[in-house]
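Participant: Single-letter residue listing:
There are 2 protein chains.
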Amino acid sequence: MGKNILVAHGGGPTAVINCSLQGVVEAARDSGKVDKIYAARFGAEGILAGDLIDLTDVSPSAIAKLSHTPASAIGSCRRKLTDADYPTVLETLRKFEIDCFFYNGGNDSMDTCHKVNELAKKEGLDLRVIGIPKTMDNDLEITDHCPGFGSAARYAALSAAELALDASGLPIHVVVLELMGRNAGWVTAASAMAARLTDCEVLTYLPEVPVDEDKMLADIETRYAKGRGLLVTVSEGICGLDGKPLADTGIVDGFGHKIPGGTAQHVTDQIIQKLGLKSRAEKPGLLGRASIPYVSLPDREEAYAVGKFALESALNGESGCMVAIAAERTPQYSSSLFLTPLADVANVEKKFPLEWIVDGNGIAGTFFDYAVPLMGGDFPEYALLRK
Amino acid sequence: MGKNILVAHGGGPTAVINCSLQGVVEAARDSGKVDKIYAARFGAEGILAGDLIDLTDVSPSAIAKLSHTPASAIGSCRRKLTDADYPTVLETLRKFEIDCFFYNGGNDSMDTCHKVNELAKKEGLDLRVIGIPKTMDNDLEITDHCPGFGSAARYAALSAAELALDASGLPIHVVVLELMGRNAGWVTAASAMAARLTDCEVLTYLPEVPVDEDKMLADIETRYAKGRGLLVTVSEGICGLDGKPLADTGIVDGFGHKIPGGTAQHVTDQIIQKLGLKSRAEKPGLLGRASIPYVSLPDREEAYAVGKFALESALNGESGCMVAIAAERTPQYSSSLFLTPLADVANVEKKFPLEWIVDGNGIAGTFFDYAVPLMGGDFPEYALLRK
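Sequence lines, in order, name chains A and B. Here this note's numbering is used: the first residue of the first sequence is 9, the next is one more, and so on. Here this note's numbering is used: the first residue of the second sequence is 9, the next is one more, and so on.
It cannot be assumed that every hint is accurate.
[Claimed, not checked] In silico DSS-like pairs for lysine-lysine, Cα to Cα no more than 30 Å straight-line:
hint, chain 1, residue 1, chain 2, residue 2
1, B, Lys73, A, Lys234
2, A, Lys395, B, Lys73
3, B, Lys286, B, Lys129
4, B, Lys359, A, Lys286
5, B, Lys359, B, Lys252
6, B, Lys11, A, Lys395
7, B, Lys73, B, Lys41
8, A, Lys103, A, Lys123
[What the hints assert, rightly or not] Which bits of chain A does chain B cover? Going by a derived footprint, with three or more residues having C-beta under 8 Å, they are:
hint, segment
9, 17-30
10, 46-53
11, 77-85
12, 164-171
13, 289-298
[Said to hold, decoys possible] Not the full set, but computed from the structure, chain A residues with beta-carbon under 8 Å of chain B:
hint, residue
14, Thr64
15, Val66
16, Pro68
17, Lys73
18, Gly177
19, Tyr302
20, Leu305
21, Ala335
Since the hints were made in silico from the structure, they are not lab data. We put the beta carbon where it would ideally sit given N, CA and C, even for glycine.
Pulled out of the complex, with its shape left as it was, chain A reads as follows (with noise of 0.2 Å):
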C-alpha cells in the first residue's frame, strides 16, 4: 500500500510557489509509491479545518499549468499557529492518514513544520515532515539562496531599469521606486541593476541600513544634477536614525509584524518639499512576488526541484530536515540540494551582508556576482541613442 501525502503553503506566495507544488506532484506520481495526494486549503486554516483538496486524480494538463500560475493555487494563510492549534494538526494528519506533510514557507513556516515534526515523534506518529522553502525575502539562513528570490529579484531589477529609461529618456521628474521587504534588502539590492542596464543615475536604499534623510535629500539633490535622469529605490522598510520606518500602513499581519509602506511616497513628498523637484513615487507592491512574465528561469527549475526532492527525501525515510541549495557560481552556475534540519532555520532570519553596501545608497558588485545567475542572467540590451 501507497503513502498519502499532504502538501500546504504558508505566508505569502511567490511567482514560483507553485512549481514547487507541481515538482512534488509529479515527483508523486512518478514514484509510484503514492496513493492521495492532498494539498491545504488555505494553508494552516485548512489543516485546522481539515479542510484538504483531493489533488490525486487531477488531471496531469492542471498541474502543468502550476508553473505558470502566480499566487497560491491552493491557497495560503498568514495564521500563526499556537501551542493549543498543534493538536488539532496532528488530528486532521491522522485523520486523513497522512504519511507525509510537506510545508513550503519562509522561516515562520519553517518553526511551524518542526513543531509538527516534534510532537508527532512525540507521540509516535509515523510521519515524515520535510520544509520547502519559499520567500522571496531570500532570508532564510543555511541554504544558499530561497526559491522565489530569483524572480522577485529579476523583478526589481528589470521594472527598475524600465523605469530608470522612462526617468532618463523624459527627465521631468525624480522616480522614486518602493520594493517589497520588510528587514531584508535581497529585491531591493537587485534593483541597483539599473544603474547597470540604463543610462540614468541610480540610487538604492536597504533596510539594513538607517538612513539619514537630510543626506538623502542631498544626494537626490547631486545626482539629479547630472541630467541624466535619477531613480531612487528604496525597500519599503527603509528606518531614519532614529530606527523608526519612515513611513508604516498601521496594519499589523497575523505574525504580529507591522506592515511597512508609503515609504517611496513619503520620499517623493520629501523630493518635492525640500527640494522644489518634480518627483513620483511607484509601488508595484504584490506584483514583485506575482509577476509571472518576469519570472526567472533557474529560479522557477529550482523551485520544481525543491518540491520533487522533498517527495523523494519523504520517501526515502528522511523527516525534521528543510531542503536547501547549494550553488557554484565559477565558472558557471550549478546549484545541488540537501537536507538541513528544520531547527536550524525555524525563525532565523539572513541579514543582506552590511559589506555589499556601499556608502549607504549603493550595491557592491560582490552582490551581483551571487544574485545575477539567480536572476536569471539573461539581461537585455537597450537602445540608448540619446546619449
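Let chain A serve as the given structure and place chain B on it in line with the hints.
Facilitator: For chain B alone, kept in the frame of chain A given last:
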C-alpha cells in the same frame, strides 16, 4: 539626391514608441531615397536647440534593439511649444535641410505637428509633415486605437489578474490597484479582465463616471464578504460626485495638466478606516507604459507599421496627416493603415464610451470584444486548485 528626415518624440513614452522609430529608420534605409536620418534629442527641446542625433550610420543591430527598449530611446519632453517657438523650429528644419518631419505623439503633439505644417506651407518651405500616433491612453480620435494602448492594456489586464490571484489565494486584505489614465479610462478598463481570468471578485472605476464614495465602500464590503478575495482597480484620475479628483499629487505638468495620484492609497485608507478591513494599495505607475515583458505582440507590430507607413507616405508626397489604424475584428483580427488630416486629431480627446461602463464599477463585454485582440489575445490559463 535623397531626402533628409527628422523624427521627434513628444510627451510620455509607451512600451512600443521605439518600434515606430525603428519602422521609420528601417523603411528609410530600405527606400534608397533617404540621405540623412536625424532624431531630435529630447523632442521639441532638441528641435529648438538645434540638437539632433544623427542616426544615419547607426548599426542595424543597434536599431534592432529598439524593438525591446522601453521609454524614448532618443529622448522626449513635455514642453508645449508657444507661437514664439515655431519660427525656431523652422530654423532648425532649414539648417539641417529637412525634407520630411515625423512627430510621434498624442493629441497635444498632433497639434504641434499641425502648426509646423501650416507654418511651413505659409513660408513656402518644401516640407512633408506626418504625425505618428502614440499614446497608452488610447484617446486619439479617428484611429481605431493607438499604438501603445494594447501593451498598456495587456499590462493592466495581466497585472490585475496576478494581483487578483494573490488577493484570492491569501484573502487577508482588499487589494487596490491604481492605473494610469488621467481623463480616459481605456487602460483601467482592461484591468477588469482579471475577473475573467481568475476566481477573484473585481470592481473597476474609470474617470468617466463620478464616484459616489459611500456606494463604492458599500460595494467593496459586499463583494469582499463573498470570501473570494477582492481586487479594486481605479484610474488615477477618478473624481468624486463633486467633480474633484479623489486625490492628486499637487504637481502640474508642462501642458498645464494637474497630475493625479495617490488615488489607490486614498481608497485603501477609506477601506481601513470606514470598513475596518485590511487593505493595501499598489501603484505600478510608469511601469504600465514601460514594461517590456508585458508588451502585446500585435501592438508592437502595429507600432512598427505606423512608422514605416509614415515614412512611405512622406516619400509619396503626403503631408499634414497622421497615420491612423482601421481594424476588423471578425472573423479574426486584422488591421490596415490610412492617413487622416492632422486638424481632425489635434487636441481632440476620445473618451471611453459611457455605455461600456456597467453600474459604475464594471466593464461591458463589448469593451473586451474591442480590446482583447489589441492586448494580444493569448491570455494564460491559470491552475486554480483551491476552488
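Participant: Are the hints correct? Go through all of them and say.
Facilitator: Checked hints:
1. For the hint linking B:Lys73 to A:Lys234, the alpha-carbon distance of about 26 Å falls within 30 Å, and the restraint holds.
2. Under the criterion of a C-alpha separation no larger than 30 Å, the hint pairing A:Lys395 with B:Lys73 is consistent with the structure, at around 15 Å.
3. Taken as a hint, the B:Lys286 and B:Lys129 pair is broken in the structure, with Cα atoms around 61 Å apart against an allowance of 30 Å.
4. For the suggested pair B:Lys359 and A:Lys286, the alpha carbons sit about 28 Å apart, so the restraint of at most 30 Å is met.
5. Under the criterion of a C-alpha separation no larger than 30 Å, the hint pairing B:Lys359 with B:Lys252 is consistent with the structure, at around 18 Å.
6. A threshold of 30 Å between alpha carbons decides the hint, and for B:Lys11 with A:Lys395 the separation of about 25 Å falls inside it, so the pair holds.
7. Taking the CA atoms of B:Lys73 and B:Lys41, the gap is about 24 Å. The hint holds against a cut of 30 Å.
8. Proximity of A:Lys103 to A:Lys123 is assessed by CA-CA distance (about 19 Å); at most 30 Å being required, the pair is judged to hold.
9. Three residues within the 8 Å Cβ limit are the bar, and the segment 17-30 of chain A against chain B gives 3, so the coverage statement holds.
10. Closer than 8 Å: that is the beta-carbon criterion, and the segment 46-53 of chain A has 3 residues meeting it against chain B, so the requirement of 3 holds.
11. As drawn, the segment 77-85 of chain A meets chain B at 9 residues by the rule of a beta-carbon pair under 8 Å; at three or more, the given contact holds.
12. Residues of the segment 164-171 of chain A with a Cβ under 8 Å from some Cβ of chain B number 4, which satisfies the need for three, so the listed coverage holds.
13. Coverage of the segment 289-298 of chain A by chain B holds in this model, with 9 residues showing a Cβ closer than 8 Å to a Cβ of that chain against a need of three.
14. With its C-beta approaching chain B no nearer than about 12 Å, A:Thr64 sits outside the 8 Å limit, and its interface hint is violated.
15. Hint status for A:Val66 relative to chain B: holds, with the closest Cβ pair at about 7 Å, below 8 Å.
16. A least Cβ separation of about 11 Å between A:Pro68 and chain B goes past the 8 Å threshold, and the interface hint is therefore violated.
17. The interface hint given for A:Lys73 holds, since its Cβ lies 4 Å from the closest Cβ of chain B, which is under the 8 Å cut-off.
18. Checking A:Gly177 against chain B by beta carbon gives a least distance of about 4 Å; that is within 8 Å, so the hint holds.
19. With a least beta-carbon distance of about 6 Å to chain B, the hint placing A:Tyr302 at the interface is held under the 8 Å criterion.
20. Interface hint status for A:Leu305: violated, as the beta-carbon distance to the closest one in chain B is roughly 13 Å, over 8 Å.
21. The restraint placing A:Ala335 at the interface with chain B is violated, with a minimum CB-CB distance near 25 Å, outside the 8 Å limit.
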